[in-house]
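Chains A and B supply the protein sequences, listed in that same order. If you count by the numbering used here, then the first sequence holds residues 5 to 194, one letter each, in order. If you count by the numbering used here, then the second sequence holds residues 5 to 244, one letter each, in order.
Note that these hints are calculated values from the structure, not bench results. As the structure is a computational prediction, the values presented were derived from the model and not from experiment. Mixed in with the good hints, there may be bad ones.
Claimed, not checked - The calculated DMTMM-like cross-link candidates involving lysine to aspartate or glutamate, where the alpha carbons are at most 25 angstroms apart (straight line), are: (1) B:K76 <-> A:E117; (2) B:K76 <-> A:D47; (3) B:K135 <-> A:D69; (4) B:K54 <-> B:D184; (5) B:K76 <-> A:D103.
Now for the letters of each chain:
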Amino acid sequence: MPEGRRLRWRPWLRALHRDLGYTAVGLTVIYALSGLAVNHIEDWDPNFDNYEAVHQLGGPIAGDDAAVARRVLDALAIDEAPADVFRVDTDEVQVLLGDATLHVRTDSGEVREEGQRPRFLLRVANWLHLNRGKKAWTTIADAYAIGLLTLAVSGVFMLPGRRGILGRGALFVLAGAAIPVLYVTLSGGP
Amino acid sequence: MATDKSPRTPEIERLLRRRDFIRKATTGTVLAGLAGGLYVLDDVLTGEAKAESRADGRPRVPPGQRVLRQLKPMGGTPGSPNPSDFSLTIHGEVERPLTLDFAGLLRSDNVELAVDVHCVTGWSVLGARFKGVRVRDLAERVGVKDSARHVIFEGAHGYTANVRLDEALAPDVLVAHRLDGRALARPHGAPVRAVVPSLYFWKSPKWLTGIKFVRRDEPGYWETRGYNNHADPWLEERYA
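Isolated chain A (complex conformation) (with noise of 0.2 angstroms):
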């Protein structure tokens, strides 16, 4: 078979390879961003930025629930109605807000806000990659996930290296292929 006719299929395999791989940079941005966020979540909270604070209001706060919590919010300059006013004990009052859950101590005026604030982009990336949200974007994820198959594949073939395959390129791809089965070995596996 003539050389040129059995090297057709390389531009083809870039071509797609080059177009898989731009339409891959959005959802890999995602993925990569929120695997490096929750594979350390046992050292941070990778979807919220909690905090805690602790106000004096000076003195008891009389009152019913709804007196309290007016008082509170008041104080605290505080424009947000309460989600809901909850007497957990007879001297406390939880407000709770969107982000924000007021503890309020009714007989010493002290007030431990407890809150959480979405960390920006991660929040959604890793509601997108547990695939909390089900529906479409299973699809989409199963898309991707064979979208990377078939990049990494194509990428192996792309270039033709002086020995075809069983070069440099080899080399590589069972050096890759080694990592997870070393330390499986390694570490006993599961």
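Assemble chain B onto chain A, guided by the hints.
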């Protein structure tokens, strides 16, 4: 054309660069040392705890665990933190299914227990004081049928965790709403979570919504994703 605008000689420049490098390297070393020192201090905590034993003879710290001072937030899709939204349904193989609201939970027999909890990711917290109602007491109220063999703890958004009946009815298994004297914080499942201290902590769902007694085992959220069905920390039953 090269002009010498600086009064500094090349030798002085070299010394300044060297001094700057030494200063930065020293700062970096000190910071790394401090961080390392903190890590070692925490390891002292682990070392001391590892010398202790539990009443059942097992070491207090399961293998592969590092002791921390407080719980870490481990994610999950949050449910509503509002006590008024809370509703716990106890159902399945029971004589008298029961639904409890938050006030009902507070009115039940509450206990405060200091328990050790162990996360599958490798951290443990010792002596965490949880307050709540024993699952065993709730089981008595609903009258668990003899056919029940397993308990499914149900959390918000479909999260579930399966526990053997005898382990779910252990005296230290709680439906908890307070931790260390404070109302449960949002990252830890406010207003109510399960606490099953003898198993890895994913078996203790946050934002608890239900307790279902079942005849046949129903592997839960993580159990169907490669995690161990039983999850005994002392046997390091982390993965399937």
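Q) What are the numbers of the hints that this structure violates, sorted from low to high? A) Going through the list in order, the structure violates no hint and respects every one.
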